[in-house]
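S.K.: Each chain, letter by letter, is given below.
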Amino acid sequence: MELYSGSLDTKEIFGRWLDEQADSNYGAYISFVGTIRAEDDIEALSFDIYEPVLQQWFDAWQERAKAVGAVVKMAHAIGDVPVHTSSYVSAVFSPKRRVALELIDAFVEDFKANAPIWKYDVKNGERIYAADRSTAMDGAGLLA
Amino acid sequence: MIKVEFLGPIAKAPVEMEAATLADVSAKLKEDSTLTQWLDKCAVALNDTMVNDLSTALKDGDRVSILPPVCGG
Numbered sequence: 001m002e003l004y005s006g007s008l009d010t011k012e013i014f015g016r017w018l019d020e021q022a023d024s025n026y027g028a029y030i031s032f033v034g035t036i037r038a039e040d041d042i043e044a045l046s047f048d049i050y051e052p053v054l055q056q057w058f059d060a061w062q063e064r065a066k067a068v069g070a071v072v073k074m075a076h077a078i079g080d081v082p083v084h085t086s087s088y089v090s091a092v093f094s095p096k097r098r099v100a101l102e103l104i105d106a107f108v109e110d111f112k113a114n115a116p117i118w119k120y121d122v123k124n125g126e127r128i129y130a131a132d133r134s135t136a137m138d139g140a141g142l143l144a
Numbered sequence: 001m002i003k004v005e006f007l008g009p010i011a012k013a014p015v016e017m018e019a020a021t022l023a024d025v026s027a028k029l030k031e032d033s034t035l036t037q038w039l040d041k042c043a044v045a046l047n048d049t050m051v052n053d054l055s056t057a058l059k060d061g062d063r064v065s066i067l068p069p070v071c072g073g
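Here the protein sequences line up with chains A and B, keeping their order. Residue numbering for the first sequence follows the numbering used here, beginning at 1 and increasing consecutively. Residue numbering for the second sequence follows the numbering used here, beginning at 1 and increasing consecutively.
Treat the hints with care, as some may be off.
Claimed, not checked - No farther apart than 35 Å at their CA atoms in a straight line, the calculated lysine-lysine pairs in the DSBU-like style are these:
1) B:K12 - B:K59
2) A:K112 - B:K30
3) A:K123 - B:K59
4) B:K41 - A:K96
5) A:K112 - A:K123
6) A:K123 - B:K12
7) A:K123 - B:K30
8) B:K28 - A:K112
9) A:K96 - B:K28
10) A:K11 - B:K28
Simulated from the structure, these hints should not be mistaken for laboratory data. As the structure is a computational prediction, the values presented were derived from the model and not from experiment.
Kindly produce the complete structure, drawing on both the sequences and the hints.
M.R.: Here is the structure:
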């Protein structure tokens with residue numbers, strides 16, 4: 001898992017991940033890129049991350065992938081990410097395509113639901129929490 | 001004494017309190033009107049591990065984190 005201040009250098013990250021696994025005999029490499037769209041007059045999106053819980057979430061996914069002979073990778077931005085640049089990339093390596101296709105779907109969807117990352121719209125230099133696009137994590141409401 | 005920290009957009013300084021279980025933490029946080037809009041949507045971690053049981057026992061020095069709704073990517 002990799003965390004960066006600001007936009008991701010997607011080509012460097014994907015290229016390096018490919019190089020790292022060049023001799024691993026994986027038959028499939030599926031990548032996902034999240035790019036900030038220009039909408040609602042935003043200049044950027046901005047992100048807060050709680051790294052200790054994110055690392056545990058990712059480690060659990062790494063174990064889940066390992067059980068089916070695969071590897072999951074991810075990188076995410078912290079702070080402001082301007083429109084038309086990337087805030088999130090992930091990838092799966094696996095021996096055959098079917099496992100990788102299914103894992104990337106489950107991995108990215110669970111990421112959206114349970115990775116401890118908070119998103120803000122940036123308008124006129126101000127950060128506004130994206131409450132309406134956010135999802136309560138599993139177990140939410142325990143203290144209510 | 002345990003410490004409760006509020007993550008992401010809650011924008012509230014950490015608080016310290018005496019609490020034997022998470023149920024005690026719940027009772028104390030419910031007294032804070034600034035948290036009314038948050039508690040029903042927030043998940044909870046104890047010393048950075050997610051927890052789901054109000055009867056979870058707490059000990060001196062424990063750290064409880066309050067995690068509001070997320071949206072990575």
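S.K.: Would you mind marking each hint as holding or not holding in the structure?
M.R.: Now for the hints, and whether the structure bears them out:
| no. | hint | verdict |
| --- | --- | --- |
| 1 | B:K12 - B:K59 | holds, 23 Å |
| 2 | A:K112 - B:K30 | holds, 28 Å |
| 3 | A:K123 - B:K59 | violated, 43 Å |
| 4 | B:K41 - A:K96 | violated, 39 Å |
| 5 | A:K112 - A:K123 | holds, 23 Å |
| 6 | A:K123 - B:K12 | holds, 22 Å |
| 7 | A:K123 - B:K30 | holds, 33 Å |
| 8 | B:K28 - A:K112 | holds, 31 Å |
| 9 | A:K96 - B:K28 | violated, 52 Å |
| 10 | A:K11 - B:K28 | violated, 49 Å |
The structure is inconsistent with the numbered hints 3, 4, 9 and 10, although it conforms to all the rest.
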